[in-house]
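Undergrad: Line order of the protein sequences matches chains A and B. Numbering follows my numbering, with no gaps: position 173 of the first sequence is 173. So the number in my numbering is just where the residue sits in the second sequence, counting from 1, plus 1000.
Worth flagging that the hints you see were computed from the coordinates, not collected in a lab. Ideal Cβ positions, reconstructed from N, Cα and C, are used throughout, including at glycine. Treat the hints with care, since some could be wrong.
Taking beta-carbon pairs under 7 Å as the criterion, some of the chain A residues facing chain B (in silico) [what the hints assert, rightly or not]:
1) T145
2) T148
3) M151
4) D171
5) V173
6) E176
7) V199
8) F233
9) M239
10) E241
Straight-line alpha carbon distances no greater than 25 Å define the calculated SDA-like cross-link-like pairs of lysine to any residue that follow [claimed, not checked]:
11) B:K1177 to A:A116
12) B:K1254 to A:A116
13) B:K1245 to A:R222
14) B:K1292 to A:D150
15) B:K1292 to A:R222
16) B:K1006 to A:D150
17) B:K1177 to A:V234
18) B:K1177 to A:R222
19) A:K259 to B:Q1117
20) A:K259 to B:P1115
21) B:K1254 to A:G181
22) B:K1245 to A:R183
23) B:K1070 to B:Q1117
24) B:K1245 to A:E252
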Amino acid sequence: MATFQPGLVHAPVTPFRRDQSVDYATYAKVIEFHLRNGAEALALPMPEGEDMSLRDGELRELLEFAVKQVKGRVPVLAHVSDAGTSLAVERAVHAEKTGAAAILSHPPYFWHPRPAMVVEHLARIAAAVKLPFYVCSPPVESPGTELTSDMVMQLIERVPNLAGVVDASLDFVFMEEVISGGRRLRPGFQLLAGRDYLVSAAALGGNGAIVPLAGIAPKLVRRVYDLCRQQKFVDARGMQEDIAHLHHLVREAGASGLKDGLAGIKCAMAVMGRECGVPRPPVRPLGEVERGRFEEAVQSLAFLKTEPHGW
Amino acid sequence: MLMPIKLKGVMQAPVSPMKDDFSFDGEGFAKMVDFHVRHGAPAIAWPHHKAESLNLTIAERKLGAEIAVKTVAKRVPVSIFVGTLSEEDSLDLARHAQKVGADAILTISPYCRRPAQEEIFDSIVRIATTVELPVLTYNSPWRNGEGVEFTGELTRRLIDRLPNYIGMKDASFHSQKYLEISRVALDMRPGFAIIMGVEHLLASYPLGACGSFSSSGAIAPNLCNKFFAALEAHDWETARECQFKISELWRMFKEQYPSSLKGAMIMMGRPVGPTRSPLPTASKERLEFLRKRLEELDILQTEPHGW
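Please take these sequences and the hints and turn them into a complete structure.
TA: See below:
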């Protein structure tokens, strides 16, 4: 179990129809696109897959659909974060039965419990399954409790199937403490870079990456990932700056106070010829003027010219 | 006109030695500065938070700036930090730094006001145009949008406006925030110096950071120099070892910074005196704990003792 390494993980978006139902026909195309374009594993539904906007039954159905569609070609990592411990526990159990290769969860949504309760919440989710468990830092600062390196150390002591951390904090200090401290307690303890920033995590000795922008620029993501694997971190700088530029455009688009990038990511998918609809309410899609500006900005990015267009 | 200066490597930011009565120890400070230069510091930067900058009087800051410039005597560049609570003080310190022959100033718009981007822009322009020296700014974003944050857009406007704007001390320690600045600044002004606030260099060096202002150099200058040499050689294995050891040191020192650091310096044979209130001075028990940790980390055995 300790040897499971997910590598370069793509995080697909979740397409919706106009009536807000999950658009499974398009979701199948999204999954096939990722598999054809360098995904060594899929993680779903990550925050960019609008996990918070899906109902419990939909989350289960989505995972069942994805596992069936993937048919064992790559591992599927199931993300099961929720506000309540028992809700997340039950979904983790369901994910294991469904055939997920690993479980991901971050500290609870909404509540701000004491650190010991956060550790308890995560430990119970992990204990409900035999699969490798990855604890994630929350995707943005506000919707729940911060994950600290002290919590990670306590979890390593308590949770035998804790394989690693998915870092969305992007915080150098956290990464240093998790990698050096984590590996002292558990050799081989993994740190996967989250949120499109691969180079710093890899230079510090990180293992893999979960990349939301892979649906837009899979070749660029693959090139940075490969350079990092070859320890050519300095050579990866220019391309990491390109990814950061795209990330910036996506996050700044839309009305989200969290800058969650959900409206931007789906609009950028459409610009690349992969129409996935708009985010579920209450997230607002881009207005007509903003959409025009955003499309122009994305189309003017020279590095996207060589990326695949359409499905 | 503008003298070009080269900022690179783990640059040392000396502490401010105090006498037992908490008065500023000018002689001790000269020894401190000289120690750093003799142990390979590629630049001297003073007075950062580590030097209790906000607990010094403006007169003490001017005296220290003069001592620093005189003691370094052009062996390496000297930058003077002019950040204060009041912009009038910053303007005064900036002019003074130029007058006494400093090589650069480091500045931030006044803290504690949660300034808007527009206010930071105006403040930096006022301070930077009052001198002809090269200017560095200090990016200090705190959680929840507090602190003084230089976004990529603000950095772009400042580079556009100020020919003497040469670099950023970045204390975001955050991939996204770092890259927002670096991808804009390094493109507009290729030699722009991005200097990490403390040695989180392994994460940032590959992305174009040129060095750091040091926290641990007062204790472990050899480790700092070895770390940067490993980065320059792309010897990532050695760089990781050094980075993780320096992170351990940082974990020891960051609480009530710089009380523990000053305590640990006593253990290395460089008594720099107490820390001014409201920060505590390291207790006897704390000193013993620090000594033990330094021994476990092999610092006590491998780094210079005394002055």
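Undergrad: With reference to the structure, classify each hint as holding or not holding.
TA: Evaluation of the provided hints:
{"no.": "1", "hint": "T145", "result": "violated, 13 Å"}
{"no.": "2", "hint": "T148", "result": "violated, 12 Å"}
{"no.": "3", "hint": "M151", "result": "violated, 15 Å"}
{"no.": "4", "hint": "D171", "result": "holds, 6 Å"}
{"no.": "5", "hint": "V173", "result": "holds, 6 Å"}
{"no.": "6", "hint": "E176", "result": "holds, 4 Å"}
{"no.": "7", "hint": "V199", "result": "holds, 6 Å"}
{"no.": "8", "hint": "F233", "result": "holds, 3 Å"}
{"no.": "9", "hint": "M239", "result": "violated, 11 Å"}
{"no.": "10", "hint": "E241", "result": "holds, 4 Å"}
{"no.": "11", "hint": "B:K1177 to A:A116", "result": "violated, 30 Å"}
{"no.": "12", "hint": "B:K1254 to A:A116", "result": "holds, 23 Å"}
{"no.": "13", "hint": "B:K1245 to A:R222", "result": "violated, 32 Å"}
{"no.": "14", "hint": "B:K1292 to A:D150", "result": "holds, 22 Å"}
{"no.": "15", "hint": "B:K1292 to A:R222", "result": "violated, 46 Å"}
{"no.": "16", "hint": "B:K1006 to A:D150", "result": "violated, 39 Å"}
{"no.": "17", "hint": "B:K1177 to A:V234", "result": "holds, 18 Å"}
{"no.": "18", "hint": "B:K1177 to A:R222", "result": "holds, 23 Å"}
{"no.": "19", "hint": "A:K259 to B:Q1117", "result": "holds, 18 Å"}
{"no.": "20", "hint": "A:K259 to B:P1115", "result": "holds, 21 Å"}
{"no.": "21", "hint": "B:K1254 to A:G181", "result": "holds, 17 Å"}
{"no.": "22", "hint": "B:K1245 to A:R183", "result": "holds, 14 Å"}
{"no.": "23", "hint": "B:K1070 to B:Q1117", "result": "violated, 37 Å"}
{"no.": "24", "hint": "B:K1245 to A:E252", "result": "violated, 37 Å"}
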